[in-house]
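K.L.:
Read off the chains here:
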Amino acid sequence: MSLFNIFDVAGSAMNAQSQRLNTVASNLANADSATSANGQPYKAKQVVFAAVPVGQAGATGVNVAEVIEDPSPMKMVFDPKNPLADEKGYVTMPNVNVVEEMVNMISASRSYQSNVEMMNTTKTLLLKTLNLGQ
Amino acid sequence: MLNRLDEMLNFHTQALRVRDQRQQVLASNIANADTPNYKARDLDFNTALQSALKGSGTGASAAAGGVRLATTAPGHLSGSPGLASEAGLLYRNPAQGSVDGNTVDVDAERAAMAENTVHYEFNLTRLGQQIKGLLSAIQG
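If you read the protein sequences in the order shown, they are chains A and E.
For what it's worth, my numbering labels the leading residue of the first sequence as 1, then goes sequentially.
For what it's worth, my numbering labels the leading residue of the second sequence as 1001, then goes sequentially.
Bear in mind the hints are in silico, worked out from the structure with no lab data behind them.
Being a predicted model, the structure only gives us computed values, none of them experimental.
There's no promise every hint is true.
[What the hints assert, rightly or not] Under the rule of at most 20 Å between Cα atoms (straight-line distance), these lysine to any residue pairs were calculated in the SDA-like manner:
hint: 1; chain 1: E; residue 1: K1132; chain 2: A; residue 2: L130
hint: 2; chain 1: A; residue 1: K128; chain 2: E; residue 2: K1132
hint: 3; chain 1: A; residue 1: K123; chain 2: E; residue 2: Q1096
hint: 4; chain 1: A; residue 1: K43; chain 2: A; residue 2: E117
hint: 5; chain 1: E; residue 1: K1039; chain 2: A; residue 2: K128
hint: 6; chain 1: A; residue 1: K128; chain 2: E; residue 2: E1121
hint: 7; chain 1: A; residue 1: K123; chain 2: E; residue 2: T1125
hint: 8; chain 1: E; residue 1: K1039; chain 2: A; residue 2: V64
[Stated by the list, open to error] Partner residues aside, some chain A positions facing chain E, computed with beta carbon under 10 Å:
hint: 9; residue: T23
hint: 10; residue: A25
hint: 11; residue: K81
hint: 12; residue: N82
hint: 13; residue: P83
hint: 14; residue: I106
hint: 15; residue: M119
[Unchecked claim] Interface residues of chain E toward chain A, partial, derived using beta-carbon atoms under 10 Å:
hint: 16; residue: L1002
hint: 17; residue: L1005
hint: 18; residue: Q1023
hint: 19; residue: Q1024
hint: 20; residue: N1037
hint: 21; residue: N1046
hint: 22; residue: L1049
hint: 23; residue: S1051
hint: 24; residue: L1053
hint: 25; residue: G1088
Backbone N, C-alpha and C fix where the C-beta goes; we use that ideal spot for every residue, glycine too.
The whole structure should be built from the sequences, with the hints applied where relevant.
P.N.:
This is how it looks when you write it as structure tokens:
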């Protein structure tokens, strides 16, 4: 029964999407963190998805290949009163793009929902198959 | 007699196996809707069913199907040939391209999944009815 493979496939996708949602949450939470434990401003994180074969030929799941730091430039904000300001009065702020993160969040949650539905449909099919001939 | 029964139930059994396989491919597409460079795949149900039916026949026609296990002693089981292998899977033509090289169209995949589910249930129902028919023939 390759239908059972779908649980692995959809499960891996749900796992990957929830990890993406997790990075979005951390990026949004730290959108204004001008400093962190290592003294540097927070850098936005992004997940990189990769397709991985599951079980037999044909089934492909997803995993998070790596979590990268967003390479886009940091935001410079003019705020001379801030203790973190440099000699010209600029504070380096995180490179989190709030609009992009919100879009990312919606996309992740929609993909998660699709996979949940896939799993539910498969479960129904399997249960009906169990009742075959009764 | 057993052979006859087998032949009677065979069609819907094979159809179910192909639907099963297709559901798995569609699940992979939906799962990889956000994976860069993933190409959406599907199988041609007609061809897959034909080859599954050919492969499942008894005797001489059995050799025509997919890869079979080697049997060196009479007691060995022939096993079931794999359904559409990697070679049988086709790539979908993207309706709208995307910059990251992904060709999954979630709406199309969801529609295909719904269609496949209904067909799976149809085959399941028909198979159940056949079994019920046989049972009532036995019991009179």
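K.L.:
Each hint: holds or not?
P.N.:
Verification of the supplied hints:
1. Using a Cα cut-off of 20 Å, the hinted pair K1132 of chain E and L130 of chain A holds, with the two alpha carbons roughly 15 Å apart.
2. Straight-line distance between C-alpha atoms of K128 of chain A and K1132 of chain E comes to about 16 Å, which keeps the hinted pair within the 20 Å bound.
3. Pair hint K123 of chain A plus Q1096 of chain E does not hold up; C-alpha atoms about 31 Å apart against a cutoff of 20 Å.
4. With a CA separation close to 34 Å, the supplied pair K43 of chain A and E117 of chain A exceeds the 20 Å bound.
5. Taking the CA atoms of K1039 of chain E and K128 of chain A, the gap is near 31 Å; set against the 20 Å cutoff, the hint is violated.
6. Our distance criterion of 20 Å between C-alpha atoms is met by K128 of chain A and E1121 of chain E, whose separation comes to about 8 Å.
7. Note on K123 of chain A and T1125 of chain E: the hinted pairing holds, with a Cα-Cα distance of about 17 Å set against a maximum of 20 Å.
8. A C-alpha spacing of about 18 Å is found between K1039 of chain E and V64 of chain A, which places the hinted pair at or below 20 Å, so the restraint holds.
9. With a cut of 10 Å, the hint placing T23 of chain A at the interface with chain E is violated, because the nearest CB-to-CB distance is about 13 Å.
10. Given the 10 Å rule on beta carbons, the hint for A25 of chain A is violated: about 17 Å separates it from the nearest Cβ of chain E.
11. With its C-beta approaching chain E no nearer than about 42 Å, K81 of chain A sits outside the 10 Å limit, and its interface hint is violated.
12. Here the hint on N82 of chain A is broken, as its CB sits about 38 Å from the closest CB of chain E, past 10 Å.
13. The criterion of a C-beta within 10 Å of any C-beta in chain E is not met by P83 of chain A, whose closest approach is roughly 41 Å, and the hint is violated.
14. With a cut of 10 Å, the hint placing I106 of chain A at the interface with chain E is violated, because the nearest CB-to-CB distance is about 12 Å.
15. Because the beta carbon of M119 of chain A sits about 9 Å from the nearest beta carbon in chain E, less than 10 Å, this interface hint is met.
16. The interface hint given for L1002 of chain E is broken, as the beta carbon of that residue sits about 17 Å from the closest beta carbon of chain A, more than 10 Å.
17. Checking L1005 of chain E against chain A by beta carbon gives a least distance of about 13 Å; that is not within 10 Å, so the hint is violated.
18. A cut of 10 Å between beta carbons decides the hint on Q1023 of chain E: the least distance to chain A is about 6 Å, and the hint holds.
19. At a threshold of 10 Å, the smallest CB-CB gap from Q1024 of chain E to chain A is about 5 Å, leaving the interface hint in force.
20. Taking 10 Å as the C-beta contact cut-off toward chain A, the hint placing N1037 of chain E at the interface holds, the least distance being around 8 Å.
21. Nearest Cβ of chain A to the Cβ of N1046 of chain E: about 17 Å, over the 10 Å cut. The hint is violated.
22. The criterion of a C-beta within 10 Å of any C-beta in chain A is not met by L1049 of chain E, whose closest approach is roughly 15 Å, and the hint is violated.
23. A hinted interface residue such as S1051 of chain E counts as satisfied when its beta carbon comes closer than 10 Å to some beta carbon of chain A; here the least separation is about 14 Å, so the hint is violated.
24. Interface hint status for L1053 of chain E: violated, as the beta-carbon distance to the closest one in chain A is roughly 18 Å, over 10 Å.
25. Contact between G1088 of chain E and chain A, as hinted, is supported at the beta carbon level, the nearest pair being about 9 Å apart and thus within 10 Å.
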